[in-house]
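S.K.: Line by line, the protein sequences are chains A and B. Using full-length UniProt numbering, read the first sequence as starting at 1 and increasing by one per residue. Using full-length UniProt numbering, read the second sequence as starting at 1 and increasing by one per residue.
Derived by calculation from the structure, the hints in this document are not laboratory data. Using N, Cα and C, we set each Cβ at its ideal position, and we do this for glycine too. A couple of the hints might just be wrong.
[Claimed, not checked] Taking lysine-lysine and the DSSO-like style, the derived pairs with C-alpha atoms no more than 30 Å apart in a straight line are: (1) LYS56/B with LYS109/A; (2) LYS56/B with LYS25/A; (3) LYS610/B with LYS565/B.
[Claimed, not checked] If you want the ones that stay clear, here's a sample from chain B, every Cβ over 10 Å from chain A, calculated: (4) PHE21; (5) ALA24; (6) LEU448; (7) PRO643; (8) LEU654; (9) THR981; (10) LEU982.
[Said to hold, decoys possible] Simulated coverage check for chain A against chain B, where a stretch passes if three residues somewhere in it have a Cβ under 8 Å from a Cβ of chain B: (11) 14-23; (12) 39-45.
Take a look at the letters that make up each chain.
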Amino acid sequence: MDPSEVEFLAEKELVKIIPNFSLDKIYLIGGDLGPFNPGLPVDVPVWLALNLKQRQKCRIVPPEWMDVEKLEEIRELERKEDTFTPVPSPYYMELTKLLLNHASDNIPKADEIRTLVKDIWDTRIAKLRLSADSFISQQEAHAKLDNLTLMEINTTRSFLLDTLNCMYKLRSNLQPGSKYISDVV
Amino acid sequence: MPGERKPMRYGHSEGHTDVCFDDAGKYIVTCGSDGDVRIWESLDDDDPKSINVGEKVYSLALKNGKLVTAASNNTVQIHTFPEGDPDGILTRFTTNATHITYNRSGSRVAAGSSDFMVKVVEMYDSSQQKTLRGHTAPILSVTFDPKDEFLASASCDGSVAVWKIEEQTQVTSWPLLQKSNDVINAKSLCRLAWQPKAAKLLAIPVETTVQLYQRDSWAQVGTLSDDLGTQAINVVAWSPCGKFLAAGSIGGLLTVWDVESKLCVERQTHEKGYTVCGLAWHPLGGQIAYTDTEGCLGVLDGLSSSSSSSSTTASSTTTKVSLWSYMEASPSHPNGLDKFVDDDDSAIVPPAAAAAPLWPVYDGPMPTPPQKAFQPGSTPAHLMHRFMMWNSVGIVRGYNDDQDNAIDVEFHDTAVHHAMHLTNSLGHTVADLSQEAVLLACPGTDELASKLQCLHFSSWDTNKEWMVDLPKGEDVQALCLGQGWAAAATSALILRLFSIGGVQRELFSLPGPVVCIAGHGEQLLVVYHRGTGFDGEQALGVQLLQFGQKRRQVIHGEPLPLSRKSHLSWLGFTAEGTPCFIDSEGVVRLLNRSLGNMWTPVCNTRDNCKGKSDHYWMVGVHENPQQLRCIPCKGSRYPPTLPRPAVAVLPFKLPLCQTTTEKGQMEEQYWRSVLLHNHYGFLSSSGYEIDEEGQSQAQKEQQELLMKMFALSCKLEREFRSVELAELMTQNVVTLAIRYASRSRRMALAQRLSDLALEKANQLQGEEPQEEEEEEPLQYTRRNTGSHRQAQEEVVDEEQGQEEHMDEGDVAESKRQGKSRESLSHLLKEGRVNPFKVSSGLGRSGSAGGQNRVTNVLDSMMLSSKKPTALLSSSGSTGKLNKTPFLKPLAPRPKTKTQSTLLHMNTPKAANKKAVEEPAVCRLKQTEAPPPASPAENVENKKHKSGFQLWLEDNRRIILADNPDLEETDVIKEAIGRFRTLSADDRLTWTERAKGQSGDVADMKKRKRGEEENRGDKNGQSEADETRQSEADETSAKKKKPFDTSAKLSAFAFNKN
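Okay, chain B solo, but in the shape it has when bound:
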């Protein structure tokens, strides 16, 4: 099986290094030229334990909890493991020892030195030494015979010698190596290795090959070589089972041979091609740790495969030799671990696996150890000097050394409070800090209960502190502060809420062990273990709760989306109150409230790191300005307290595709801006004051970006895309886009955009009455209205569907349609608002007087306002630009195919429907809050044409009778002509009727306006438009623009046809 080469990581400063595993294989132990021995729990261990043993360490060996090191002070020292306490000096040389090694039992240590000597020292009594003299140059390496009889050594004099330990005599010697005068000049380190189990073979790296010599006969029995190996092999190591041999070369090539078949089963190259100078097999076999001369540590993982017995059979049958093929060849042996395991060593090997390889052993996904509870913004608790909390308010530092056990609280803004120094007699381990208080907690001991302490410095009374004991056996694991409250999650899976003054408030159970909690304002964010993760993943759940007026749960324990094989490393809120978290891969995710509370990745902090082991340690997130405040940490995940770390600011960057292109960039900017301004909506909905200026600024920025993207896609001849972009724009900007499109002579685009503009305008109007409704005291009707409206929508859709069929143009059909429409209008009315209304079956033709009741206002209004829409579309723009599905039922004659398709094409179905819903009240509102122009214009048109509309309805038949060949548009044209010929008084009467029908008796002003305009209406509808428009302009100058544009455009569209 191809081993997985994990990325290397910085272990020591550059120079010679060595590596070994502890007996159980739990730790990787390395030493380096910086004089440190580091104890790694795994390759990902960010905080290896360091033991300084000298200025430089040349070699190390570890067995039975005794760590032996060869340091530059010419001694071989012993340290206890894993504590790292010095445990005496084993032996001394006249110069430094170059290589040391244990025998199999760990009772003796052999050390070779640059003073040409090899010493064998008993561990229990360092005075019992045996010296092996005979080499004539510095010793390169030494290795024990597993049966403790012989010892092999390699030296710079070019010889490899085998010694009989008891007699201290040389048994044999081979001149295999190139001569050199010192270890540093030697071509290879020539680390010898004796086969561990059988003790039959001695492996000697010679140039690019490994030569195998047989015990007792001392004859060469084989050579292991690899065609790819072009550089000298530095180190060799046997697998614990003695069947495989690993070698590391100067060029960074790692090779594993099956010794029996002498075939290479695994080949990996060092990622940078540095010289491998330390190599060690995991005692269980599945892993090789190696170090290079640049001080980096690497691990080759996944060497596990089937058991040894089957692998040998497999190797005889398989030609393509790899450990993977072994595995395939022996599916009955899924137990992976023990392939390289010494079968005799029953202390380590699970007996079931060793004895009965056929036993089905689980090798599926392995559960991940759940990550421990932590405080976001704190450094690990075992450090003597640590940050207990660093957030946007201040810094809490904890000191726990010989002199002092204290906590320092410092505020970024000294105006909040002066710095505090507390003695930490209770042993607090977790802390949080807010503008109001410092919250501390300590775990319980045998005698003392876990305590929660709060320094409520903003209190106005003299008592600034309170403390709470938790029930016995319950420990505080995480805590946080909000505005006026504090929360603590405990080991009993309970979340306890306190008021900031110390009143106990609600408590509730958590669905799983807490990971961390964060508070902001009235929001509480809880992350807990939802279950067991597998293969390095964590299974975390998140809850977002909101206190305050409306207590509710916003996120109900949904899974927290972490990156693959990562854990949570920071959780909190942005300064604006949006939940946010960062995982160990450095990906920052922000809650997107406008997208159903999904988490959106907004930045990868690791992208900004220079080195692989560099990280950013988050201290705060701000949405406005867009800042990720974090501390760059070189070669670690968190900063030290001294020297005082400096905060850096990272930008947000959504991981959108192709952000190198202009399009991608702008898209990224736009969506980032949209996402990071979501908080305005949230803040205003939860009743906070918001920065209106900032919001409008943001909107402006977004619209500008849209406009730029629009222009870009226009340039690229992507008109469809342009329209898609325009759909995101606000109504005002769409008019700009229309102008842009028409100037760049994209008429089709301009036309579609103007449709869009109208649609948007109608939508805008549609929204207003809804808001209005919400405020109605008759709340219980709302539900009704809602369902009615839905029904009505369906009906409209249906109707439109029917109209599609009408294209065939059947008169009878259209008449029937007209009837159904009639009934629809009743339905609409009833559906509309008024549950109290008796019935208005005669809605349209019914007398105006009968509808004077206020409750009827809305109903009649929408009816009248609906009709003019239809009229406008046919008369004003010849049915081209504006569209109306309602027009057709009015048409008594079949239409030509082209016309109807045109009408259909331009039909934004929702828009008209919404326009219908618009009640009269909102018209009044418009003067205060000028809406984008087109809606206003629409309303105006509808209003003043209603007189004509009524007249047309009455006279349509006459016109049609006179000119039976006329098409719909011509009918209306004709009608306009005739209407104009009427006297002013007549027209006024019609208008009056229209007004009366609308039932808006109370609104005298409006009526006046209607009259006025009708009187002034000399030149027909379009001029009236203008008049109305100019009136409207008095209230809002803005209205003019869009109208002009769309008028121009409609004129243009007409001309073109």
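Same shape as in the complex, but just chain A:
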């Protein structure tokens, strides 16, 4: 899966905007949106929010978790815990990137938020690598990882699977007897 595909999925998330135009309900395949009243917050998917924002038709209200204090808390918790902590949104990374790139003027302390989210991301990826490492070094058959987001899984998937395949091949060459097993399976 491509990161852009994950981002595409993230664009379905709802975000609050304050439109500066008036429009009746619009009926789309994915559901009804609106009605849009100038000055009144309304929930729309991110893709629409960004589109409207680019046309200067709305202001985006940052999601509740996109707040320096809350993110700092999450970061501390993430650093403290050995396991993955629950993230504020399953698409936190994508949403941060999208919203900050397109609507940083509507988000107070955009730079700090960018740094904080990057910190959280880095911590989590480091944990992921570490767990992959221990998974392989201990030669476990399976492992359970909670609270991983799609994007995080996506970053490690190709690498990890290829590596495991490769290692499997190497191992099966070392132990010819195991060929039989692999055939059965």
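Position chain B against the provided structure of chain A, taking the given hints into account.
M.R.: Only chain B this time, still in chain A's reference frame:
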């Protein structure tokens, strides 16, 4: 008197706080660990002035306009008060000062510090310092001897010492306290207090008691304790008179003792049980301010009572000691304020009160300061960055800081206009914004007059702006914009109207100082001071004016119903044009136009708040969809301009009882829906286009709710209630309800409902001719008709009353009745419409030809239509379901009791009367606008039976002669039978006669229908009904249903009997 503990409010962030009053007692001053000193005008002050004096403030003292604070940067600073400008540093320590205090005159300040030292510094010259050394641990507190000779200090080393200031020596020391190594570890803050007036006693909080030591002898002379006090006392404070001592404890207990009697006179607990760490008496005595370690500020009010001299006498006689009992014991001293007042301090005490306590002093309700004029949707004018207006059109922001004095106008909908930035050189303070213009106004100065400026951006010419100077001495206080007009209320109690282009229009005087005004479309809402409010109430009046075609005043200066002890905080119109306001208690009230322009509470915004100090700041109200648009404000009443506040939407909720139950919920929904759809009626009556779809949607919703409630009360076996609900339903829904009732085997209910359905149907018909009449060109007759109709109603009532007596069944009586009825029918006719009509005394039996004139149509119609009603009721449903008071006069024989009661029971008096009024014209109308079925059915029945009716009248006597024993119903049955045996031609003749009598010669179509149906009438009336019905169905399918139901029901009712 039990003091009133007011709810605490957030003052500072959590941590140590301190509190004091200013000299005059006008302000409460607090400091906290957030490093701010806040100056509160009262506990309700939502915008206290904040002065930042450091990172943390440990203690403060205020006297003579100099505010001294002990901050965390180890200094004791001076600030001016109330300005809050820094005024130098008084002294420094090597670590922070823990407690500071003024002496009585304010010439010296004593400060105790964590570096074990106490310093006494002269205010006028901070270089003159005296240092008191001797404590071996951080100082907890210091207090001056009011005679300026001694100073007492408490320290963490466990000792309380008294020093001679001049000699800087310790006079005495008591090891009273528990030792600790720092102030934060000390068990108690041990704030000492020296009796202010006599300077005789020094109060030292020791554990749960307060010990009193005598001056000079330095011996303990007493202990004040409270049985309820289980935790250490933190702070003590003397009342200004020196007779009472207040103490605040770790557990949040506030106690006041009468020192002389050593009795506890007042006891209050902190609402959350937090530690009280600051305590101050109001300089006039009646109030105690206290703060806790969570940063909250509280006030204990109403400690006022009788004067001190009487209180002492009272205390000796009263065993139940409370300040209240003092008051009761000394009714001759109603002056409340000075109980705790230092009698020597004549500068503060009103001389009359102090010198002559017997002087009658007013202590009744105190007048409330009238609230100032304001713009709804604006934040206070003293802010540097403020909202001058936030409404449904856009936002006007005002900036007034060093760099810029400007106004920003921003529109929610950018399609209205682009954003504007104006320099505010005139100093505008009030603004309003509409789809057409921005209106600004500034108060006048010495040189310049008050100005009204309008940016009319929707103007099609190039001049987008106009400005008007007000007469000298007259200031604009409130303004608003409507559609095509602007209004400004001025300090001269004049309301000036302008056209939006700048033409001066009407002006009129206001009955009182304006509070605020609001405009919408052609409506103007003015709220003004009607008089003086008392005890926190405002006395506001409201006027609602309507411009446009019909200029009139809708609300004539009636009182505005505010919540108790609140003021107006927002006034405006909903987007649909219904006046609406919100008071400071957060209650939203909407004008209920259908209830005689009363105000109905529709929401309490405070119910949605999480915290006590949280509020919602209203920006707009919409009825469709039901939305209250407001901005949630944490810990304040209004939002700051930055960060940009987000609008939240609150739902309406009528404060009905028991809204947790299903019944209550549905009732609330129903009445809310009814209330919030009133605007349709208003809009259509004032000639606006209305959203028909929305209206029908709303009606559907309401009827659905009614039906649900109906079903619910059926389930609960509340049949009476079900009928009450059915009365609110429309006719169509009632038929549904009938079906529901009959299916759930509630026959009594079903029967009552069908009566109701008929009544409703008749009412519906009754309304139509009225409308018709309104359109008549002969307007002057209308008044006549109205009064006639009234008279006629009375007559009918009377007649019915008489009929009641007829139950006894007297033949002669009934005959007389018949005659009177005859004359009634003339009366009815005359009363009906026609002032030009000569006379139709022979109405019924008179020849048809004579009544062919068009003017007679209505009269004869109603006559004929009335009769069949009677007939139908007796023949069609055996007098059970349908009812008619008119039937009885026809009956030549006395009736049995049961029958007559039945008839009476089912009589909806108004209904029949209205049916009578129905003119022929409305029949034609029915084809275009299909009315609910039963009315139609009624009409049909009446029509085609009139032939039979005539025949019956002629032949009644014959029938009766043949069968003298027959009862009324049987007579009719018999009559039907005989009528059927007549030849078709005969019957046709009768019908013709009936038609002729009705005088509807012009209506050929109708006549044909009548003939047709009579010809087809083989099987008697009921079948004819069906025929007519099916005809009617062609025009309106709807008609069928209700008829079926009621027919079934009537059949059912018959069977049951």
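S.K.: Hint by hint, note whether the structure agrees.
M.R.: Hint-by-hint comparison with the structure:
no. : hint                   : result
1   : LYS56/B with LYS109/A  : holds (27 Å)
2   : LYS56/B with LYS25/A   : violated (53 Å)
3   : LYS610/B with LYS565/B : holds (22 Å)
4   : PHE21                  : holds (36 Å)
5   : ALA24                  : holds (41 Å)
6   : LEU448                 : holds (35 Å)
7   : PRO643                 : violated (5 Å)
8   : LEU654                 : holds (23 Å)
9   : THR981                 : holds (67 Å)
10  : LEU982                 : holds (66 Å)
11  : 14-23                  : holds (count 5)
12  : 39-45                  : holds (count 3)
Violation of the numbered hints given earlier is confined to hints 2 and 7; the remaining hints are satisfied by the structure.
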